[in-house]
Structure formats: structure tokens, C-alpha cells
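Could you put the whole structure together from the sequences, leaning on the hints where they help?
Numbering (this note's numbering), first residue to last: 73 to 211.
Any given hint could be a false lead.
Think about it this way: if two alpha-carbon atoms lie no more than 27 Å apart in a straight line, the pair counts; the simulated DSS-like pairs of lysine-lysine are [as the list claims (entries may be wrong)]: (1) Lys101 x Lys112; (2) Lys164 x Lys136; (3) Lys102 x Lys128; (4) Lys114 x Lys128; (5) Lys211 x Lys128; (6) Lys114 x Lys193; (7) Lys101 x Lys128; (8) Lys136 x Lys211; (9) Lys101 x Lys136; (10) Lys101 x Lys211; (11) Lys114 x Lys145; (12) Lys102 x Lys145; (13) Lys128 x Lys164; (14) Lys102 x Lys152; (15) Lys211 x Lys193; (16) Lys114 x Lys102; (17) Lys211 x Lys121; (18) Lys131 x Lys145.
Just the calculated beta-carbon pair ranges, DEER-fashion [as the list claims (entries may be wrong)]: (19) Asp165 x Lys121: 19 to 27 Å; (20) Ser140 x Glu111: 30 to 38 Å; (21) Asp196 x Lys102: 28 to 36 Å; (22) Thr209 x Gly183: 15 to 23 Å; (23) Thr158 x Glu111: 20 to 28 Å; (24) Asp149 x Gly183: 16 to 24 Å; (25) Lys112 x Ser155: 30 to 38 Å; (26) Gly122 x Ala154: 30 to 38 Å; (27) Pro110 x Lys211: 21 to 29 Å.
The set of hints was computed from the structure by calculation and includes no laboratory data.
By construction, the Cβ of each residue, glycine as well, lies at the ideal position given by its N, Cα and C atoms.
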Amino acid sequence: MKNRRNLLTFFLMVVMCGFLYSFIAIQDKKDGGPWDIPEKYKNMENTYKGDASLNKVGKILYLKHCRSCHGSKGEGDGAKAASLKTNMRSLKDAEFQAQPDGVIYYQSIIGRDEMPNYESKIPDEEDRWALVNYMRTLK
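Shown next, in the form of C-alpha cells:
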């Protein structure tokens, strides 16, 4: 009986330590600094803007490559978001949505730090713009 009580006490302590550690880890996250976007991308024109035929492609690419971190609705609550060192920004955020398409393209395809590069995973230019266009629908 005493061994069971000791085992239960130990188990509860492990659970509490895990809980407290996860809380501390969340608090230690930092906001990503400003992006250094090359001029080429700041002025890049989205030649597929408004092309409704790409909506399904953009959504499929988002679900495949982005949802795990950014969440199903772009709120930054994906399953992998908790394990990142940087706070996940919502794609619904007005500041994000106000950026030019080329800037979103750069951030989404070229990436930096914990945001991976998707140039080889999404090689088709039309698909890349389909993804950008889909992110615009997450307002």
C-alpha cells in the first residue's frame, strides 16, 4: 500500500513538473524580428491575383505544408506551434494581411529561421501564388 502511495506521489510530481515546464517554455517564446525582404519581392506582382480557379490548389497546399504550424484557420495554433521557439503569428492579423503579395510570397516560400524554405517542395510558380492567394482568404 505504501509503495502504491509513493508511486502515485511520484507520478503526480512528474505530471506537475511537466505542466510547469510547458508553461515556462511558452513564456520563453520570442516574437520574430522584422523580416529583411529583398526589393525584388517587395515589388513582385501577383499575376494570379483573383484567379478563383486556384482556390482549391492553394487550400490543398496550405493544408499540406502550413497547417501543422499555422493551424487550420491560420490562427497560429497548429500542433507544431507549441514546440517552436518563436511565437506563431496569426495569418488573420491585419498587419499580416496588409503586406504586399510579394512580401507574403517571400515569407511563405523563401522563409527564415524556423519558417522553412519551400522552394523545392512547391516548385511551380502558379502553385506558390495559389498559396499566397489562399492565405488572403484567411482574414
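Here's how the hints hold up against the structure:
1. Lys101 x Lys112: Roughly 31 Å separates the two Cα atoms, so the pair is violated.
2. Lys164 x Lys136: holds (19 Å)
3. Lys102 x Lys128: violated (34 Å)
4. Lys114 x Lys128: Distance of about 26 Å is within 27 Å: holds.
5. Lys211 x Lys128: holds (17 Å)
6. Lys114 x Lys193: holds (22 Å)
7. Lys101 x Lys128: Outside the cut-off at roughly 34 Å; violated.
8. Lys136 x Lys211: holds (20 Å)
9. Lys101 x Lys136: holds (25 Å)
10. Lys101 x Lys211: holds (25 Å)
11. Lys114 x Lys145: holds (25 Å)
12. Lys102 x Lys145: holds (22 Å)
13. Lys128 x Lys164: OK: Lys128 and Lys164 at ~19 Å, within 27 Å.
14. Lys102 x Lys152: Distance of about 16 Å is within 27 Å: holds.
15. Lys211 x Lys193: With a Cα-Cα distance of about 25 Å, the restraint between Lys211 and Lys193 holds, given a limit of 27 Å.
16. Lys114 x Lys102: holds (25 Å)
17. Lys211 x Lys121: holds (16 Å)
18. Lys131 x Lys145: With Cα atoms ~11 Å apart, Lys131 and Lys145 stay inside 27 Å; holds.
19. Asp165 x Lys121: 19 to 27 Å: holds (20 Å)
20. Ser140 x Glu111: 30 to 38 Å: holds (31 Å)
21. Asp196 x Lys102: 28 to 36 Å: holds (34 Å)
22. Thr209 x Gly183: 15 to 23 Å: holds (21 Å)
23. Thr158 x Glu111: 20 to 28 Å: Given range 20 to 28 Å: holds, Cβ gap about 25 Å.
24. Asp149 x Gly183: 16 to 24 Å: Since Asp149 and Gly183 have Cβ atoms about 20 Å apart, the given range 16 to 24 Å holds.
25. Lys112 x Ser155: 30 to 38 Å: holds (32 Å)
26. Gly122 x Ala154: 30 to 38 Å: holds (35 Å)
27. Pro110 x Lys211: 21 to 29 Å: holds (26 Å)
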